[in-house]
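**Student:** Got two chains here, separate frames each, mind docking them using the hints?
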Amino acid sequence: MDLVANLEKILYQYQTAPPVQDLRIQGWRFAVSETSQVKAGIRNNRLGGVYAAPSLTGNYAGDLLIIWPGDYCSQVVVNNKIISNLEQMLPIWKQGAFYDPEGSALLDPAPLPLVAVEHLPVRQAVTEDPKPCFEILARYRDELPTWQVNTIQAGVQAGWGLRHIRTSRGFSVTYAQTNFSTFVSASATVAKYAA
Amino acid sequence: MTQAIFQAALAEAERKDVTLIARFQDINDVFVLINNGKTEKIMNDQSQGIGVQVFTHEGYSGFAATDNPTVKNVREAVGKAVQLAELNKYFGGEKNTALSSVDPLVMQLPIPQTASGQALSLPDLEQAVKEENHYALQCVPGLSVQTFYRQISEQWQIIRSDGTTASFTIPRATLVHSFTARGGGRSVTLRSAVGGKDEGIILDLLKREEARRRGKRTARLAVDLLSAPPVKGGHYKLLIDYALAKGLAHEAFGHAVESDEIQTSILGRDGKLAIGTEVASPAVSITDGPLIGDWAYQPISANGITRDSVKIVDKGKLAAGLGDLFSAAQAGVVQSGACRAQSYAHIPLPRMSNIRIEVEKPLPLTKPWYEFTPVELYRLLLDNGLISAGEDVYYLSGYKGGQVNTQYGDFVFNCAAIYKLGEEPVLYQPGIFAGSTLSALNSIRAGIGPLVTDAIGTCGKFGQGVPSSGGSHAFLLLEASREITIGGE
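Here the protein sequences come in this chain order: G and P.
For reference, each letter of the first sequence is one residue, going 1 to 195 in my numbering.
For reference, each letter of the second sequence is one residue, going 1001 to 1489 in my numbering.
It should be emphasised that the hints constitute simulated quantities derived from the structure, not laboratory data.
If you're wondering where the values come from, they're calculated on a predicted model, not measured in any experiment.
Glycine is no exception: its CB is placed at the ideal position from the N, C-alpha and C atoms.
What the simulated footprint calls covered on chain G by chain P, stretch by stretch (three residues with Cβ under 8 angstroms from a Cβ of chain P suffice, anywhere in the stretch; the number is not a length): (1) 40 to 54; (2) 76 to 83; (3) 91 to 98; (4) 127 to 138.
Bound conformation, chain P alone (with noise of 0.2 angstroms):
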């Protein structure tokens, strides 16, 4: 059904002299939310569409999409997307003949096992997260905890006119322990979540170990944080946890190599990527591309072409951006296949995967990242020479979201808790975490532990929102500069 329907878009495309891109998608959305024991939703929503976008010889594009993907409505979408690209050349918009410059892509993709063989019921699903549940109540006695699971299977096709079709499968799955604390006459609220390709991260025993004792740690941090001070604003050594790390690749250096955010880039010069300048120190490096099982794997981008790794920062100079077919050549970027779309319904746009910055010649640990108490780290850090006695340094752990200018390269991220690190470390209320792109990049002196690149999220760029990723290492040791700011009293 979907060939005939391919076959009439291509068809409808050449009669009108038009080249074309069709993305057709189809999900299964499986949610189980249970509150305190109690299941209040569970939900399998399914949906597909085709989304059609039209090139006219000159370059002038058209889109048109519908979830009704018949032979008919795909037709009727083709003239539509015409009809809008005519309007567009009418009115002076903006040409972009890129398309008959990339090489046509045939590759169809295995759809992934998943962890169990086959999909679990939905009351077997609904059994396996109320145990989650009950076993996240009853880390920390008094807590609320809400609990809930999702699990999406994006089937998507892509054709083009000259002769690519490329289909593929993009399972993701995430379990995420919401704990509240109350007490004192306060609140606090802090997020645990997992990521992967399936229900493999409920279901396989290590995985699901893994999760418990990340959600227990979480749980504790929420009890804590009741009787928690503020701290006092200003600039310090600072230890940030992976999550942390990941907000700070993503939001204020992943979009700002984005190939259509160059023009107004911090890191663009005359239009163009500045390759070859220094934005860090010679031991710090920045990758993105998919990773398989991941939450924000995608193999191949919206516009039909395979998706590099793409090593953004190489040995402390910026390398590459991330390039879409249609503006990396204007950006000065190699074309990686860094385009996503949320839906079929969707513009691609060039966007991150997973991405994770890396520093040489990592501290090792000797036990899960998860497992260290901050007088533990305090220790490590001691023992190391990465910090002196009496030195003051500040441990920001979890990310709860943020903002960045990349034209400026401001970023402003709040974090989940603070610790100043010490034999006796002290806990502060949660407080942000604001500087310049360039100088946090440049203050990294340390990796601590192996890459842990399973921070998950929403990407929502221009009002799009799709699966993100990343990490670094464990930990990362950051010196003291004064664009870089703990905010607090």
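Isolated chain G, as found in the complex (with noise of 0.2 angstroms):
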């Protein structure tokens, strides 16, 4: 099952139905985002490089408010190793829960404004083809030197995912964003070797 409707499933069953009354839930939010990232870069003029080898990472992360009755809050990270446990986290959760009144805000559905947070050429980048992102490491590698640069360091990563808000009360959206940085360094300095 997704992970995400996982979760909402076991946070409504403690909530409406508990398997252990002691862990019933008052209320809950969540905002947990599903990321894949593409990273690639120049170390020392090297692209590519050991150190610096283009990488794609995937991963699952958020945080979870929890309300227990009594106005006890617990306020948590969740991953997927997390999610996965949910049932086993809670009654930790709760031993570590704290007071908070004012905590229990939780957004109804409502009608949200469309706005684009999504860049469909970072996206292909991301789950396809990242060449583009080579293409731009390149051309510092080789465009750069003609400057009378003699050491450069550079970095591009690219991001797509989906980012979902839900609340007890029935607040519920989803929608994909993308991210992407690139940075340069040069330098027209080499290290000598000094005592």
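**Tutor:** Rendered as structure tokens:
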């Protein structure tokens, strides 16, 4: 089952018919991102060396707020492993709950403005063909030396993912988002041995 | 389950005709935060994942990682890593074939026992940390005290296509008090930290007592600094404590001998480490290597190679670098398994573990270092002929971060407090401690007290945070040098 759907299902279960009464949940909200990220770099003029190898990483990560009866809250980080072991984590989280009568504001379902935060070329670089990331680095490597640059450090990272926001009051939104960044550091000096 | 995932990774790598290093990591992280007696946060995080680094026969590499380590996902990860390695080749990336030059390792290290024999429950741990916070609050009335305790257990399993299977667990814990004193329109915050492998740092009576005494010393200093004037900048004879010495060794020297840094390091010559060069007095040595029970312990590298202790400087001469499999030969250093990664999702880099400066024939201390007052330190130096009466000597206490340029060998560090030593020591506001790495090493004249190696921190090389630690004798005495400056008025 999809991790987000699993998270929702278990939270609803502990809200409405908890297997252990002591773990009844009064309300909850979470914001979880499901992200893939491509990175590539240049270290000391060398593209894609073993310490700057091109990489693709994927992960789930987010925040979960649980409101227990009596205005006690647990604010926790969730990830793939924790969501997979959610029922084992609930008693631990309840042990660490804190009193916060102001912590119970949960969003109701509401119409949302449509704001595009996904850029298709970035998504394609992450999910299909990362070649554009390499092309940027190759330009740094090939063009900067013509400016009398001796040492180049550079990086490109492109990310794509889905962000899921849910509350126990029925607010539910999932949207796609991308991010992209690049940096280059060019030095015209080289280290000389000195003692 | 992990074995099935590893087998799938190996089989997929073989099918795609590449060699592979796979790293599986499982973390359990417990955190308790108490602020002025009130519990603010209790957390128990868990995470796991696998990273695979593939190498084509020609030596092009690619990397992929997933936090959902299933057979299906790891096969996909290998496929993605191969795709990236092929793009690397297409764009003229750098090749490295060193993986074929190392022998396989089969080593499963046992999981270390915890101090209490079993993990404490969260409520018990919260209570123990509350007691320490309560004690710290009583040290010096009127201070605000935030106390956190963090206990992490990292389990690693590393396999390679050559048959390597290595597993080890890194347990570590830290207790940190943050004391804030306010008065006269000023505020001073100082931290006191102890580190170790588990909750023994607060359950063991001796360790707890030491942590409390060190905390009390820090609390008093925070109050005293409220009314301290700024120091006059200049070049002075200096006494530095082991925490600052660790900063000097780690930032200004250790990074300069990591095998991936030699090409641009001040300690390199034509791309190779300048072994044999005199960099300090013949009495001074610098060693890096894992210490059992230490905050930065790591017995096996992230590439599945046992980690050796390395004497970087031996009797004043540059003797060795921190060599990783993939860059040691190029840097002209011996491969020493010096590679670490923040997590399964990071590409390992040559890193330090515990780095310490040692000086021959150190002056012994008659009591623990943290019980020495500035006037007692002054008399100790005077009585042993290390300073003369009336000589300007400044004592720099505590390390509060800094920066170093390994190309030029310049460093700038911040300390927590400065004393002008004398029969009536004068406390000054903290200032910067800046200069040239090689001048600082050459200026070391004496070690005072036993080796203290528990100065802890987090090294952030290339954005990857890994635990670091180290130290020196309790104190080091440095001669005045035009190239070492105390910043002030």
